[in-house]
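Participant: Spelled out from the first residue to the last, the chains are:
There are 2 protein chains.
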Amino acid sequence: MTITVPFKQVDVFTSKHFKGNPVAVVNFLDVEEDSIAHATLQSIANWTNLSETTFLFKATDPSCDYKLRIFTPMCELPFAGHPTVGSCQAYLEFSGRGAVRNLYQQCGVGTVELIIDGKTIFFKGPKAKAADISSTEIRNYEGCLSAGFSQKPMLLDVGPKWVVGLMQDAKSCYDLEPDFSKLKALTTKYGATGLIVAGKYSGEDKYEMRAFAPGEGVAEDPVCGSGSLALAMYLQELNSYGASYEFEISQGGRVHRDGKVSANIEHRDGEVEYFIGGEAITLVNGEISV
Amino acid sequence: MTITVPFKQVDVFTSKHFKGNPVAVVNFLDVEEDSIAHATLQSIANWTNLSETTFLFKATDPSCDYKLRIFTPMCELPFAGHPTVGSCQAYLEFSGRGAVRNLYQQCGVGTVELIIDGKTIFFKGPKAKAADISSTEIRNYEGCLSAGFSQKPMLLDVGPKWVVGLMQDAKSCYDLEPDFSKLKALTTKYGATGLIVAGKYSGEDKYEMRAFAPGEGVAEDPVCGSGSLALAMYLQELNSYGASYEFEISQGGRVHRDGKVSANIEHRDGEVEYFIGGEAITLVNGEISV
Numbered sequence: 001m002t003i004t005v006p007f008k009q010v011d012v013f014t015s016k017h018f019k020g021n022p023v024a025v026v027n028f029l030d031v032e033e034d035s036i037a038h039a040t041l042q043s044i045a046n047w048t049n050l051s052e053t054t055f056l057f058k059a060t061d062p063s064c065d066y067k068l069r070i071f072t073p074m075c076e077l078p079f080a081g082h083p084t085v086g087s088c089q090a091y092l093e094f095s096g097r098g099a100v101r102n103l104y105q106q107c108g109v110g111t112v113e114l115i116i117d118g119k120t121i122f123f124k125g126p127k128a129k130a131a132d133i134s135s136t137e138i139r140n141y142e143g144c145l146s147a148g149f150s151q152k153p154m155l156l157d158v159g160p161k162w163v164v165g166l167m168q169d170a171k172s173c174y175d176l177e178p179d180f181s182k183l184k185a186l187t188t189k190y191g192a193t194g195l196i197v198a199g200k201y202s203g204e205d206k207y208e209m210r211a212f213a214p215g216e217g218v219a220e221d222p223v224c225g226s227g228s229l230a231l232a233m234y235l236q237e238l239n240s241y242g243a244s245y246e247f248e249i250s251q252g253g254r255v256h257r258d259g260k261v262s263a264n265i266e267h268r269d270g271e272v273e274y275f276i277g278g279e280a281i282t283l284v285n286g287e288i289s290v
Numbered sequence: 001m002t003i004t005v006p007f008k009q010v011d012v013f014t015s016k017h018f019k020g021n022p023v024a025v026v027n028f029l030d031v032e033e034d035s036i037a038h039a040t041l042q043s044i045a046n047w048t049n050l051s052e053t054t055f056l057f058k059a060t061d062p063s064c065d066y067k068l069r070i071f072t073p074m075c076e077l078p079f080a081g082h083p084t085v086g087s088c089q090a091y092l093e094f095s096g097r098g099a100v101r102n103l104y105q106q107c108g109v110g111t112v113e114l115i116i117d118g119k120t121i122f123f124k125g126p127k128a129k130a131a132d133i134s135s136t137e138i139r140n141y142e143g144c145l146s147a148g149f150s151q152k153p154m155l156l157d158v159g160p161k162w163v164v165g166l167m168q169d170a171k172s173c174y175d176l177e178p179d180f181s182k183l184k185a186l187t188t189k190y191g192a193t194g195l196i197v198a199g200k201y202s203g204e205d206k207y208e209m210r211a212f213a214p215g216e217g218v219a220e221d222p223v224c225g226s227g228s229l230a231l232a233m234y235l236q237e238l239n240s241y242g243a244s245y246e247f248e249i250s251q252g253g254r255v256h257r258d259g260k261v262s263a264n265i266e267h268r269d270g271e272v273e274y275f276i277g278g279e280a281i282t283l284v285n286g287e288i289s290v
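Protein chains in written order, with this note's numbering: chain A, 1 to 290; chain B, 1 to 290.
Since the hints were made in silico from the structure, they are not lab data. Hints may contain errors.
Identical chains share a label here; the pair holds if one copy fits it or two copies do between them.
[Said to hold, decoys possible] SDA-like cross-link-like pairs, simulated, lysine to any residue; straight-line CA separation at most 25 Å:
#1 16 / 2
#2 67 / 281
#3 16 / 289
#4 182 / 74
#5 16 / 75
#6 16 / 186
#7 127 / 17
#8 119 / 265
#9 129 / 77
#10 67 / 140
#11 16 / 285
#12 119 / 2
#13 206 / 239
#14 119 / 1
#15 127 / 177
#16 182 / 102
#17 200 / 100
#18 129 / 95
#19 182 / 144
#20 16 / 3
#21 129 / 115
#22 16 / 38
#23 161 / 131
#24 119 / 4
#25 16 / 43
Same shape as in the complex, but just chain A:
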């Protein structure tokens, strides 16, 4: 039986139309979750052809505002960054809860805290640790790139498993030419989602960042939330900040986008917490027939 429900396609991590990372959001808040087959959700996500399509359901955990299920064209994910920010914006519009400051998203990794600060939506990063990778693995990654790392890369498992490394500066990151077929073979071999490279803008608390995941069918992701989280954790590891540090990440220029991410590393009572945020604009607004 066909049902028609509200639908939005939201541009995430940008304030400029069509210059961020899109996510399709289907509103099933008024539909029983067990009346919709997993295969139906997967078909929709395969059809939109976006890196992620999400489905809003009523939360089953009473401490959460809604439940989010996140699908790539091929599978369901426990968590993802830009879909979380875009779906939160869609939820705010669908529910009419404009003035709220905090929301709690129920998803595969558990409860994710969201902070709405003006036009910017932050998610609190799930706990993760940086792990060293071997010098052979580092050399192999460098063999896929037109320039070497300026700091030793590490592996950050934030849900997706990103290998993160710093380049000399912002320009060398922007100019980098990866060999995508070699990189695809390598990330598959090492079981990594992909490679994040970043370079600092001189005199600014700002990094240029690029995310390559050819093994996942995404040669270069335009603007990557989980990758931004991995970068923040990597920088904390490298620089051992003793106090809170906020910085900006610019992404997507090489793939015709203009993404902007805010990353806050917060030190609270001896704990380090990570918040990743950005703006989200609904560009397509309507209904979908399921």
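Following the hints, complete the assembly by docking chain B onto the known chain A.
Facilitator: Just chain B now, with coordinates in the frame of chain A:
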């Protein structure tokens, strides 16, 4: 300045939701074409991430019903099959002209005639000729495939340049495993859009078909209109039909779709004309902010 215009995402060449080939259609019928920059159209098509996004404008040729501009994520095309069928369905809904039988689409290749036959929309194929390719080229293509051709492939330039070849039967076509990186290198070398393979279902006027275009960033196209046209022309060349011949094409099973195309080869006063058609269902209906 932001304007908001009607938007649809239409599923083409299927009667089952999310099982055809999607096209995003933006309705600029009430907007002056020269007020919208080419770069804006390209940004939208890059963002939707679909193989094609189309834009309906008022026709400038008074013999046409509308003008269609067709974009891939990377460039503008003079013509494409499934976007033509899907955009015609969207036009019928936008304009409320439900009972019409013929429409004329103004696009890069000139005027394309459309026939609306119940739920099925046919386009008349632009003129094209089959050309032989060398035995070396054929051997090279076979080197990318897990099985050989049963009939010598030819090149069909129908806008996109498809190399088309028959396999033993429908099953051998469905089961075929291409080496996408070798095929990408080869189609790029020979200047072809991609490779079409097809195999006949025994005892039926029906072919299984697959379309590979890794050089265009589409490893396997789910359901391909221009490829179906190329197949019809190739079969006419191989079989020298002396009278009209109608057949069905099944596509997309290997990429989670269930596409169905009707191909009519019509002999009229010594001329051969080709009509490619299928159903189209609007699944997303709303507005887009440009």
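Participant: Give a verdict on every hint.
Facilitator: Going through the hints against the structure:
Only between protomers do residue 16 and residue 2 lie at most 25 Å apart by alpha-carbon distance; the minimum there is 11 Å, versus 35 Å within a single protomer. In this assembly of identical chains, the alpha carbons of residue 67 and residue 281 lie at most 25 Å apart only when taken from the same copy (21 Å versus 29 Å across copies). Proximity of residue 16 and residue 289 under a CA criterion of 25 Å is satisfied inter-copy only: 11 Å between copies versus 29 Å inside one chain copy. Both within a single protomer and between protomers do residue 182 and residue 74 lie at most 25 Å apart by alpha-carbon distance, with minima of 22 Å and 24 Å respectively.
Taking identical chains as interchangeable, the C-alpha atoms of residue 16 and residue 75 lie at most 25 Å apart only when they sit on different chains, with a minimum of 21 Å there against 29 Å within one chain. For the homomeric pair residue 16 and residue 186, neither the shortest alpha-carbon distance inside one copy (35 Å) nor that between copies (39 Å) is at most 25 Å. For a Cα distance limit of 25 Å, the shortest separation of residue 127 from residue 17 qualifies neither inside one copy, at 32 Å, nor across copies, at 39 Å. Taking the closest pair of Cα atoms, residue 119 and residue 265 come within 25 Å of each other only inside a single copy of the chain (20 Å); across copies the shortest separation is 57 Å, beyond that limit.
Proximity of residue 129 to residue 77 under the C-alpha cut-off of 25 Å is restricted to the intra-copy arrangement: shortest distance 20 Å within a copy versus 47 Å between copies. Taking the shortest Cα distances, residue 67 and residue 140 never come within 25 Å of each other, neither inside one copy (40 Å) nor across copies (51 Å). For the identical chains of this complex, residue 16 and residue 285 are neighbours both inside a copy (17 Å) and across copies (23 Å), given an alpha-carbon limit of 25 Å. In this homomeric assembly, residue 119 and residue 2 come within 25 Å of each other (Cα to Cα) only across copies, at 18 Å, whereas the closest approach inside a single copy is 35 Å.
In this homomeric assembly, residue 206 and residue 239 come within 25 Å of each other (Cα to Cα) only inside a single copy, at 15 Å, whereas the closest approach across copies is 65 Å. In this assembly of identical chains, residue 119 and residue 1 lie within 25 Å of each other by CA distance solely across copies; the values are 19 Å between and 38 Å within a copy. Taking identical chains as interchangeable, the C-alpha atoms of residue 127 and residue 177 are never at most 25 Å apart, the minima being 32 Å within one chain and 41 Å between chains. In this homomeric assembly, residue 182 and residue 102 never come within 25 Å of each other (Cα to Cα): the closest approach is 43 Å inside a single copy and 51 Å across copies.
When the C-alpha separation of residue 200 and residue 100 is checked against a cutoff of 25 Å, the pair qualifies neither within a copy, at 34 Å, nor between copies, at 60 Å. Taking CA atoms no more than 25 Å apart as the test, residue 129 paired with residue 95 passes in neither setting, with 35 Å inside one copy and 57 Å between copies. For the homomeric pair residue 182 and residue 144, the shortest alpha-carbon distances inside one copy (6 Å) and between copies (19 Å) are both at most 25 Å. Taking the shortest alpha-carbon separations for residue 16 and residue 3, only the inter-copy value of 14 Å comes in at or below 25 Å, while the best intra-copy value is 33 Å.
Taking the shortest Cα distances, residue 129 and residue 115 sit within 25 Å of each other inside one copy (23 Å), while across copies they are farther apart (61 Å). With identical chains, the CA atoms of residue 16 and residue 38 are at most 25 Å apart between copies only, with a shortest distance of 17 Å across copies and 34 Å within one. With identical chains, the CA atoms of residue 161 and residue 131 are at most 25 Å apart within one copy only, with a shortest distance of 11 Å there and 49 Å across copies. In this homomeric assembly, residue 119 and residue 4 come within 25 Å of each other (Cα to Cα) only across copies, at 21 Å, whereas the closest approach inside a single copy is 29 Å.
In this homomeric assembly, residue 16 and residue 43 come within 25 Å of each other (Cα to Cα) only across copies, at 11 Å, whereas the closest approach inside a single copy is 30 Å.
In summary, the structure is inconsistent with hints 6, 7, 10, 15, 16, 17, 18 from the numbered list given earlier, while agreeing with the others.
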